[in-house]
Amino acid sequence: MSQYIQKGKYEATELEGEWIILNTEQYTVTRLNDVGGLCWSLLTEVQTSESLTRSLAKKYSSVKNDEQIKKDVEEFLINLVQCGLVQRVD
Amino acid sequence: MQEVHTKIGDHFIQIICESISLIKMFEKNFYSFIGDENQQSDLAIKIENGYGVSFKDYEVEIIKQNNLIYFLRADYLIKFDPENKYATISVHDELALKHALMNLYSTFIVNQNWGLLIHSSCAIEKGKAHIFAGQSGAGKSTAAKLSYPRNLLSDEATLVKITTKGVIVYDSPFRSEMESESLEEQVELASVQILHQAQQNTKNQLAKSEALLHLMDKVFFWPHCQEETKKIMRLLTKLVKTVPVYEFHFKKDNTFWELIS
Amino acid sequence: MILEKVYSRPIVLSHQPIQFETAQSWNKGHGNLDHPGKGNGGINYPNPPYTGPRPPDKKKKKGIILGG
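Chains as they are written, first to last, in this note's numbering: chain H, 1 to 90; chain G, 91 to 351; chain U, 352 to 419.
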């Protein structure tokens, strides 16, 4: 199971349910939606797609389909790695 | 040695200069007065000429060393000591001086967490300021010209002081075409327009996060360290929290003012 | 009753390099590209031998360079 954590130095701002992540090392700025921002803030500590799915399923208990959340989370993690915001810790 | 005092935003600035011609240029473009010598200055600048070659390009090399920041362009050299609020500007000519002062002042106000210089024009309507920003060619200066007879606070670089209570626009001495009337005015900012030329006048309010990103690349700034870039982000966050930002499509006549205020 | 937020999948909405404006305009009509030597009382910025500050010696430099 792959583990992920935030990478580098950041300044994050939440504005009306969206997040702006300023990466001062790579000199990039990334905008995330509400749930994306929540995942991002959880990634200050090591997470797996499973642990993130559990956190989301707990917060959004009306969603019955955990498998769908896990798929969404895995896709999101790939995007975050591509943006240079998180890294795998193996 | 000549000494001139000026005020930009609410900062008192002391200028020391050997060259009479550079002082004349300074007096032409900046609201200057032979100051009250007892006035405590917020920033002291020594200006020297004879540096480098005439304008080549906008490439600025930035070096940090021993608490000093150096900005080097082919036609100017700035040596800035933020702690002691002292700078030396060495220039080749008048244009270099104008650009170097802008480079230095933007560095100074971000360093002080005071505010920003935003690439835009700004006009006053009914006692409130309205900013027009956009990509080059989008119509910033057209909007400024079409705003006549309203007073202009800027036609190129709008000077905004950002606090949690609100955003105040000051008359900008950093002008492109329209000379400053040396208004000693401070006007509350009521709106920001991101301009696009179109057949019809329309406006849509942007989400705050999008607004922040639209404004970021319009801030005049020469980044020299991570901490300062964070300061800009925090200042812009305050700005978009207090002032609405619109995507503004306009046709090139003065009817666009009907959509404002 | 507290309404639970609706779930929407986590998304990266945008990702871009940080850029600032570093190009000022010319003084149109007061341009300086081809200075005719007027407007300053005929003084066209004579350049006496320059003795002012120089950029720091790059070979010895320990500072950070950004941009450039």
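Hints are computed from structural coordinates only; laboratory data are not their basis. We put the beta carbon where it would ideally sit given N, CA and C, even for glycine. Watch out, some of these pointers could steer you wrong.
[Said to hold, decoys possible] FRET-style restraints, in silico, Cβ to Cβ: (1) U/367 <-> H/14: 15 to 25 Å; (2) G/227 <-> U/365: 53 to 63 Å; (3) H/82 <-> G/203: 30 to 40 Å; (4) U/365 <-> H/8: 15 to 25 Å.
[What the hints assert, rightly or not] Cross-link-like lysine-lysine pairs, in silico, DSS-like; alpha carbons within 30 Å at most: (5) U/356 <-> H/64; (6) G/216 <-> G/114; (7) U/356 <-> H/58; (8) G/331 <-> H/59.
So, going through the hints one by one against the coordinates:
Taken as a hint, the range 15 to 25 Å holds for the pair residue 367 of chain U and residue 14 of chain H, whose Cβ atoms sit roughly 19 Å apart. One distance hint, 53 to 63 Å for the beta-carbon pair residue 227 of chain G and residue 365 of chain U, is violated here, with the actual separation near 23 Å. Residue 82 of chain H and residue 203 of chain G have their C-beta atoms about 34 Å apart, which keeps the hinted 30 to 40 Å range intact. A hinted range of 15 to 25 Å holds for the C-beta pair residue 365 of chain U and residue 8 of chain H, which are about 18 Å apart.
Of the pairs offered as hints, the one joining residue 356 of chain U and residue 64 of chain H holds, with about 14 Å between alpha carbons and a cut-off of 30 Å not exceeded. Of the supplied pair hints, the one linking residue 216 of chain G and residue 114 of chain G is violated, its CA atoms being roughly 35 Å apart against a limit of 30 Å. A C-alpha spacing of about 12 Å is found between residue 356 of chain U and residue 58 of chain H, which places the hinted pair at or below 30 Å, so the restraint holds. For the hint pairing residue 331 of chain G with residue 59 of chain H, the CA-to-CA distance comes to about 27 Å; that is within 30 Å, so the pair holds.
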